[in-house]
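Protein chains: 4
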Amino acid sequence: MAKGGLNLLLFLGSVREGRIGLRVGKYVQNLLEQRSHKVTVLDPKELNLAQVVKPLHFHKNPAEAPEILQKINKQIKGADGFIVVSPEYNSAFGPALASLMDHFPPASYSYRPSTIVTYAGGALGGIRAAMQLRQYLSELTTVHMPSMIVIPNAPKTLDEEGVLKAESGDLVKSCTKAIDQLEWYAGVLKKGREENPV
Amino acid sequence: MAKGGLNLLLFLGSVREGRIGLRVGKYVQNLLEQRSHKVTVLDPKELNLAQVVKPLHFHKNPAEAPEILQKINKQIKGADGFIVVSPEYNSAFGPALASLMDHFPPASYSYRPSTIVTYAGGALGGIRAAMQLRQYLSELTTVHMPSMIVIPNAPKTLDEEGVLKAESGDLVKSCTKAIDQLEWYAGVLKKGREENPV
Amino acid sequence: MAKGGLNLLLFLGSVREGRIGLRVGKYVQNLLEQRSHKVTVLDPKELNLAQVVKPLHFHKNPAEAPEILQKINKQIKGADGFIVVSPEYNSAFGPALASLMDHFPPASYSYRPSTIVTYAGGALGGIRAAMQLRQYLSELTTVHMPSMIVIPNAPKTLDEEGVLKAESGDLVKSCTKAIDQLEWYAGVLKKGREENPV
Amino acid sequence: MAKGGLNLLLFLGSVREGRIGLRVGKYVQNLLEQRSHKVTVLDPKELNLAQVVKPLHFHKNPAEAPEILQKINKQIKGADGFIVVSPEYNSAFGPALASLMDHFPPASYSYRPSTIVTYAGGALGGIRAAMQLRQYLSELTTVHMPSMIVIPNAPKTLDEEGVLKAESGDLVKSCTKAIDQLEWYAGVLKKGREENPV
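Chains as they are written, first to last, in the working numbering: chain A, 90 to 287; chain B, 90 to 287; chain C, 90 to 287; chain D, 90 to 287.
Keep in mind that the hints are not guaranteed to be accurate.
[Unchecked claim] Straight-line alpha carbon distances no greater than 27 Å define the calculated DSS-like cross-link-like pairs of lysine-lysine that follow: (1) A/K166 to A/K266; (2) C/K279 to D/K245; (3) D/K280 to C/K280; (4) C/K143 to A/K143; (5) C/K143 to A/K149; (6) B/K149 to D/K245; (7) C/K115 to C/K143; (8) A/K280 to B/K280.
Quick caveat, the hints were computed from the structure, so don't treat them as lab data.
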């Protein structure tokens, strides 16, 4: 199907000192931009939203909610799909990711696809966080893709600019597969939403 | 969107004596047929496939695989979507369900939506099995719907013909929501597969 | 076995406005104190640790770590067992809980039992969060108890002082079972640690 | 603590043609026997129990239950701990394992520790199955150990006799850690059960 032109939101999931997620986010962002998609990054560290004290949809009058929440909510609703980049801490996904995404109502994520991206210093690449994300993202009502990007030995694989330090055929292949799938679903669901409003 | 006309496969997930899954399967099947969809039931007890000794795709020569496996595989590939009905045994989904679905390659389930249906005698309705199914079905590469049908107190809720014993507004409402969503995705993805072959 | 005298740490898992966790924490704390145990509450809101930027064990020189982290770490290592009270947000446990517990090395939690307590406004009582906690707490190397305390309709069940609003035989029963089990394991493991240092 | 002398049950979790679980089971059994423990293997293929039609505890009159179920139940209740060896099929643990273990009441597994062992052909070693097992085994009320044995590239790592094909420092190390922990808990809990009957 026609490629390019998707409006994608990329969530980062760590605020830790020295977080590798920045590299991973840049790497995936580059791959998507090479395919002519627009990628907007939501970084919990930059946004400085801190922990959820009151989600957007818990404000009786939305106009009272912090402007930054209203702005991000519009970005979510305007996106064609999501990329969710998470570390794995103690087998779970990053609490900073939940602190960011929990701020917004599930309805904002609905009928849009998402791709799970995890990374770790070890050989498992954050797959346990990815498994918990399958449950979490389904509850947020985004449809997460079967194909994921799971990056083992991340600090040794990517440099600080998000460039591969050495050839990694397996990673490139799994990224291609995951992005092809995201493109297919994002395109098909976008058309579906236009033709059959939900 | 236009309703009716979907070709759906319904998997049952128990072979136990007195299994309540039969009632649940009939109840959901009726709801789908009332909307003019075709529902084919795959019952592990009737099929008598027993446990997986060798999945279809592990046969070097598919022609050597048991005919029944080849037949079901065609049904899966020909379906527009799946309904997966499972009990919860010790917080997991039914092993009879895995024994049935594991026989077939993930590719057969791809680019098709599925709806998770769980039931239990207690108040939790099998939600723990549903959570494990989110991970399992994603690995089978079907896209499972955010909305599920979770039936607590199942033996008291449905009679042996799969008819509600008493009014249950909550259950009816959640079924409507789940089936609406399955219809939307099944229709949109079907069109997507036709226009953008995968 | 001899009751009373355990030194227990109770973790709260929410910092949200109007959090029900406070009531739940008080309710369980009361039950434990009635059995003559000492309960110390770790409240992420009061502690104001915010999100994890650098866990205690990532400081090369522990003396450089914030004093509050060193203090809590000593409390964890000095405890006979843990009670982990969590809300369920989008099927996951509270990110404020992870932000608190992730600060400390798994070794601090080792060879000690923990009891999972979840609550929710709905009928499922946070059981999905509890399921993810089973994986998370195992990774923190505490041994979590098979019996849990899962509280559905929490705001209607407990008042602001953590007192039952109405009789609730099921909840009382499940608390008794869970606390009996925690006492048994805490006592047995304590003796085990004394006789067979690890 | 004093080593040796534990009475352990090892569950195999696959009945598939060419199953690698046999090798894994033998490998772990050898390690345990070298430490002078008694290991009894429960193999679902040999036992030929097939799928669960009626668990032992669902028989109104236990004397009517098949003798083999009564015999295994006694073995479970008489054990000091369990080793649970599972493959990973589509991110879940083997249905043959559930078909075996589901036959018996949770009470039979209570107050005894278990060690999770998974294996896979790929780099993840079955960790996803292990994560689902954490939830499943907790529901069976055995206390599963934080340390697990996760074996990637299993067919290349172990020969048919369960002997390492080449040195594998990481695997040996993780086995030592996991078995040390199982011994500690099995010994401490055994003494606990004797001194404080449950």
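A quick look at each hint next to the structure:
| no. | hint | in the structure |
| --- | --- | --- |
| 1 | A/K166 to A/K266 | holds, 25 Å |
| 2 | C/K279 to D/K245 | violated, 42 Å |
| 3 | D/K280 to C/K280 | holds, 10 Å |
| 4 | C/K143 to A/K143 | holds, 25 Å |
| 5 | C/K143 to A/K149 | violated, 36 Å |
| 6 | B/K149 to D/K245 | holds, 21 Å |
| 7 | C/K115 to C/K143 | violated, 30 Å |
| 8 | A/K280 to B/K280 | holds, 10 Å |
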